[in-house]
Amino acid sequence: MTVQLDARPPATPATGNSRQSSGRLSRFDTRFSPYLYIAPFFLIFGIFGAYPLAYTFWVSLHDWDLLGADHPFVGAENYTRLLADVDFWHALVNTLGIFVISTVPQLLAALWLANLLNRGLRGRTGWRMAVLVPNVTSTAAVAIVFGVLFGREFGMINWLLDLVGLDAIEWKSNRLASWVAISAMVDWRWTGYNALILLAAMQAIPRDLYEAAAIDGASRARQFWSVTVPLLKPTIIFCAIIATIGGLQLFTEPRMFHSGTNPIRGGPLRESQTLTMYMFENAFAPHYNFGYGSAVAWLLFALIAIVAAVNVLLLRRLGGGARPNARKGTTR
Amino acid sequence: MAVFPRRRLAAVALAAATALLVTAGCGGGDEPGDGPVTLTVDVFGQFGYEQLYQEYMSANPGVKIVERGTGTNLDEYSPKLTQWLAAGRGAGDVVAIEEGLLVEYKANPANFVNLLDHGAADLKGNFLEWKWNAGLTADGKQLIGLGTDVGGIAMCYRKDLFQKAGLPTERDEVSKLWPTWSDYIATGEKFVAAKTGASFLDAATNTFNTILLQTAGNSSGYSYYDTSEKLVVDSNPAVRQAYDVTMDIIDSGLSGKYGSWSEEWVSAFKQSKFATIACPAWMTGVIEANAGTGAQGKWDIAQVPGNGGNWGGSHLAVPKQSKHQAEAIKLAKFLTSAKGQIGAFKAKGPLPSSPQALDDPAITGATNAYFSGAPVGTIFGTGAKSLKPVYMGPKNQAVRTEVENAVRTVELGQRSPAQGWTDAVANAKKAAAK
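Order-wise, the sequence lines are chains W and F.
So for the first sequence, the numbering used here puts the first residue at 1; every next one is plus one.
So for the second sequence, the numbering used here puts the first residue at 1001; every next one is plus one.
Source of the hints: derived by calculation from the structure; they are not laboratory data.
Take these hints with a grain of salt, some might be off.
[Claimed, not checked] Here are the computed lysine to aspartate or glutamate pairs in the EDC-like style, where the Cα-Cα straight-line distance is at most 16 Å:
| hint | chain 1 | residue 1 | chain 2 | residue 2 |
| --- | --- | --- | --- | --- |
| 1 | F | K1430 | W | D85 |
| 2 | F | K1273 | W | E153 |
| 3 | F | K1429 | W | D85 |
| 4 | F | K1430 | W | D87 |
| 5 | F | K1434 | W | D63 |
| 6 | F | K1141 | F | D1117 |
| 7 | F | K1346 | F | E1055 |
| 8 | F | K1346 | F | E1050 |
| 9 | F | K1434 | W | E153 |
| 10 | F | K1434 | W | D87 |
Pulled out of the complex, with its shape left as it was, chain W reads as follows (with noise of 0.2 Å):
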């Protein structure tokens, strides 16, 4: 989403009119009333982001049990009880592998997508809403189906192994499995959103570049990888850190994806458990325990917060890249 922000210049004296208190007025109109317009949007942050990121920290501070009258105060006892805490670097590994299975061919699918619709099909404009259909469909809908696709006995995709003389997976109780599994779902709902984001950016491409291109004698293929692709750049970049953004805060999907008894644990063995389930687990059922679920919702956010970094530190210098000195001429 954007937001127009076109700073006016200031407002020039009013024609004619040059009474004293109409002066002021407009002074105090120039100076103030753009704070008064962004208030809203830090307002409502201070409500919905600021305060509950202050009262998550300060809970896991304390020995907090759900249902308590008493929370004392433990200090960083929960933290480095976290750091200890094999389950949590389980479920850490396990939203990475979950993400990267799943960003990295979702982003490649939507690119070539992308490509496709940029060019001169029939029924262009029914071909771009359809691949957003999956992302207006319900999460906890589709992880419910996908569940019992990916079922051990009475899954459709074990039968279609069945069928082509394969063995059937555990796709709930296999780690890799259910990674690939739930992979899937995220890159079903993904793929067309992030399609549509690249097509936009593809479309602001020049066409004489292509024609160039082709002049010079380069095939498809090859003014795909040469032009397409290095124009598109902050645009992946973008998609990427949306991924990042989804794709480390993964719930829906994998605890839909697991039901019957204690689905939190994300399988047997925690295979596919990412933290925030992890988070969830321990600050609701069957734990309780409030103050270590926020210290692991901290932990959370300052990864969350390092990779953000990562990709702002890609960005700048694939960016840059073209232009060393970049950085001086833009306005962004």
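Position chain F relative to chain W; hints supplied.
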């Protein structure tokens, strides 16, 4: 000139709209105090109260009852209830609490109305003594909940699959097949050898829990925690014994490995993929809901191997946050009365915890058409009054989850029985410390 005022107007409108949204988001769901009172009842599984609500509403025209949660499993229900209690709003006026969670809720009794302050003390004689005591806090000064049902255990089985495997199908003969768990395993081996395309039992975890509660009830009277609330998962012989029997079951290839309460488990019911399931009284309602009308008359009920046992059973409590406490208490008393318990039993099978109800001809003579007319009243009811309860410690649910998960990993072939036991003990200790 015109630009600024319009923009400012837009900003004000936006701010106002936001404020409206915020207040609307927080203010929903409160009904005014006068007029008909709406009571919300939160349950899980199958409590069988629909008929009773109708009856209650026609006797009390000012009350409207809304129920939430029938058919959900306990793992979905309990976190929600805990969050509602912690948040101070959202819970129903009457809430069902399963015995394993009751211990945790009792540790923080301030969340609930003390039913002793509302004349519940007179009702003591209406409940089995241990069921009544389970609802009391440790100091005996507060009654959190009134008992609904107890979980006397039997063994439900598929007659058609037994016939296919050449086993007897008559319930008395089936009961004679398995006086002990090793006889049950031997029967299972015969069943598997007959290659009916179905497994002998649904999931090792359910059977494990049954054996554990039975063994514990017949020996020490506690399972994972002793009565001084010390974790004894590795030193209580009952736990180890139940684990070893379960390992034998897995080893003999009897389990269909349908993780209990999962989508697959439900599908396996529908597709007749297993022949027996350990069957606390409340499970009969679950079986009927899962297997559907197509399996009517194909199920029957025999004695459980070993000797009796109790699994599950619930209480009804009234959260302090309820806006209609008096009405809610009245409803809870009605639903847990002998009459209410008989009504629930007839609808969905949960076995009454009231001795009067257990003696009532409506129970003693009850049969269940879905289960081939099995005399459920005598099967479950006979042993009910001599049921030995198993003490549950503070983190019972979390510990049980860990041990059952270890059983599941062995069942799925991910761990050896020895590794599974090491995991069970280590993870249970970790969970108890959280």
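Results of checking the hints against the structure:
For the suggested pair K1430(F) and D85(W), the alpha carbons sit about 10 Å apart, so the restraint of at most 16 Å is met. A threshold of 16 Å between alpha carbons decides the hint, and for K1273(F) with E153(W) the separation of about 10 Å falls inside it, so the pair holds. Our distance criterion of 16 Å between C-alpha atoms is met by K1429(F) and D85(W), whose separation comes to about 13 Å. Pair hint K1430(F) plus D87(W) holds up; C-alpha atoms about 11 Å apart against a cutoff of 16 Å.
Taken as a hint, the K1434(F) and D63(W) pair is honoured in the structure, with Cα atoms around 10 Å apart against an allowance of 16 Å. As the CA atoms of K1141(F) and D1117(F) are separated by approximately 10 Å, the hinted pair is consistent with the 16 Å bound. Pair hint K1346(F) plus E1055(F) holds up; C-alpha atoms about 15 Å apart against a cutoff of 16 Å. This hinted pair checks out: K1346(F) and E1050(F) have alpha carbons roughly 11 Å apart, not beyond 16 Å.
For a cut-off of 16 Å, the pair hint linking K1434(F) to E153(W) is broken: about 35 Å separates their Cα positions. For a cut-off of 16 Å, the pair hint linking K1434(F) to D87(W) stands: about 13 Å separates their Cα positions.
Comparing the model with each earlier hint shows a violation of hint 9 alone; every other hint is respected.
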